[in-house]
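Peer 1: If you want the building blocks of each chain, they are given just below.
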Amino acid sequence: MQQIINFILRYKNFLLYLVLLAISLALTIQSHSYHQSKFFNSSNWLTGNVYKTTSNITTYFGLGEENKKLVEENKRLRTILFNQKTKDTITIDTTNIHYKVIASQVIKNSYGLPRNYITINKGSKHGVEPDMGVITDHGILGIIENTSKNFATVQSILNTRSRINAKIKNTNHYGSLVWNQKDFNTVQLTDIERLVPVKIGDTVVTGASSSIFPENIPIGTIKSFDLINTQNAYSIDIKLFNDMSSIKSIYVIDNIQREEIKQLEAKTYNDPQ
Amino acid sequence: MIRNSYFINVIRFVLLILVQVLIFNKLNFFGYINPMVYILFLYWYPIKKKRPAFLLSSFLLGFMVDLFSDTLALHAAATVTIAYLRPTIMRFCFGVNYEFQSFKLTNTTSAQQFTFLALLITIHHLVFFTVEIFSFANTLLILKKTMFFSLATLILCLLLSSLFSVKKE
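In order, the protein sequences belong to chains U and V. Heads up, the first sequence is in full-length UniProt numbering, so the first residue is 1 and it goes up one at a time. Heads up, the second sequence is in full-length UniProt numbering, so the first residue is 1 and it goes up one at a time.
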């Protein structure tokens, strides 16, 4: 017994080091599974408020630029609106509304790591929940990962864990959108079969088989492609419409039917048949 | 005197975290290089303090940076490793005389200080990227990242440490 105590006293620094290292490694390895840790992320009270305060100060410097972007978006939407052949009255029927949109601002952006997370200034208080889609005026940005009362973290498409269903516009060939960490303005579309006609410059949009994003949200254009012979599939580089390094205003998309879809899927998968 | 150095350390701790997450995490040299200047905390930390407290505060420092940058515990693991190895590194850089009571970081030659800082940074980054990438298939990538990041961190740490040089402690 004496010897054990002596041993512990003698190596207390080493043991303390081992314990601390074990804690950090456990937290890291746990995060290699699908979800980020529930509490240790930048949507918590302390980090959220620090980022909010600094973002409040720094947004003033980019206000003109941001205004220009929003006017540009308004212009585009108005053009669509004016050129649409509408009847005299537009009926808004609540049974036809499938998506709700929550406007928000980025308070912390990141694009240099292998796993990037973005923090936004809306949280569960405003109706933001995990697994909602996030887009900007140009295209998709990511999926909500964690929420706190006032903040939320977004798993960016620039994240090695991100897999989003996407397709080539006007076709029905689906693939998944991944990122190879090389360039923050380029992502990869995989699993597109070799029979599909692929051309440089084609637009890539979100696919229909996702309950997170509506169909046909723009992602980017095809920059280059390669045929992987062993897999009989293309590997396609996509240049994003978004400039991932300067993102401010974003929209969170809430699919009202998502709960229903999820329940149905859970039921189907749990069925022994 | 003891209280004084205690306060200096607390202020350093908070300031280095804020500087790291609010300025240096947004630098993105060449698209992805963010120097990790908070290592200076371990470089400046008094030598004669108790080691458990040092290990714990280093862990906390890394963990706070992790919280802010959504990297879970990568910074914490790397920082606690160099905190544990610091006495060994110091013995390597300064020889046996660092164990004397009169030893001060400012009394050593600048070459010794440079080696000390460079070793701290390199080991930190090596651990950091090994845990981050977490596969031995990418050893080359780990080494490449360690090299580039170490270089950037070293340059910025040298600049910062010459700006806020420790005069008497």
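No lab work stands behind these hints, which were simulated from the structure alone. Errors might be hidden in some of the hints.
Below are the DSSO-like pairs computed for lysine-lysine, each with C-alpha atoms no more than 27 Å apart in a straight line [stated by the list, open to error]:
no., chain 1, residue 1, chain 2, residue 2
1, V, Lys144, U, Lys182
2, U, Lys169, U, Lys149
3, U, Lys12, V, Lys50
4, V, Lys50, U, Lys69
5, U, Lys248, V, Lys50
6, U, Lys122, V, Lys50
7, U, Lys239, V, Lys50
8, U, Lys239, U, Lys223
9, U, Lys75, U, Lys169
10, U, Lys122, U, Lys69
11, U, Lys12, U, Lys69
12, U, Lys12, U, Lys100
13, U, Lys52, V, Lys26
Just so we're clear, the structure is a prediction, and the values are computed from it rather than from any experiment.
Peer 1: Next, verify each hint and record whether it holds.
Peer 2: Now the hints, each set against the structure:
1. V:Lys144 x U:Lys182: holds (13 Å)
2. U:Lys169 x U:Lys149: violated (37 Å)
3. U:Lys12 x V:Lys50: Since the Cα atoms of Lys12 (chain U) and Lys50 (chain V) sit roughly 12 Å apart, the hinted pair holds (cutoff 27 Å).
4. V:Lys50 x U:Lys69: Violated, at roughly 55 Å.
5. U:Lys248 x V:Lys50: violated (46 Å)
6. U:Lys122 x V:Lys50: Violated: Lys122 (chain U) and Lys50 (chain V) sit about 43 Å apart, past 27 Å.
7. U:Lys239 x V:Lys50: Violated. Lys239 (chain U) to Lys50 (chain V) sits at ~53 Å, over the 27 Å cutoff.
8. U:Lys239 x U:Lys223: holds (6 Å)
9. U:Lys75 x U:Lys169: Since the Cα atoms of Lys75 (chain U) and Lys169 (chain U) sit roughly 23 Å apart, the hinted pair holds (cutoff 27 Å).
10. U:Lys122 x U:Lys69: Holds, at roughly 21 Å.
11. U:Lys12 x U:Lys69: violated (58 Å)
12. U:Lys12 x U:Lys100: Distance ~56 Å between Lys12 (chain U) and Lys100 (chain U) Cα, so the pair is violated.
13. U:Lys52 x V:Lys26: holds (15 Å)
Of the hints listed earlier, those the structure fails to meet are numbers 2, 4, 5, 6, 7, 11 and 12, in rising order.
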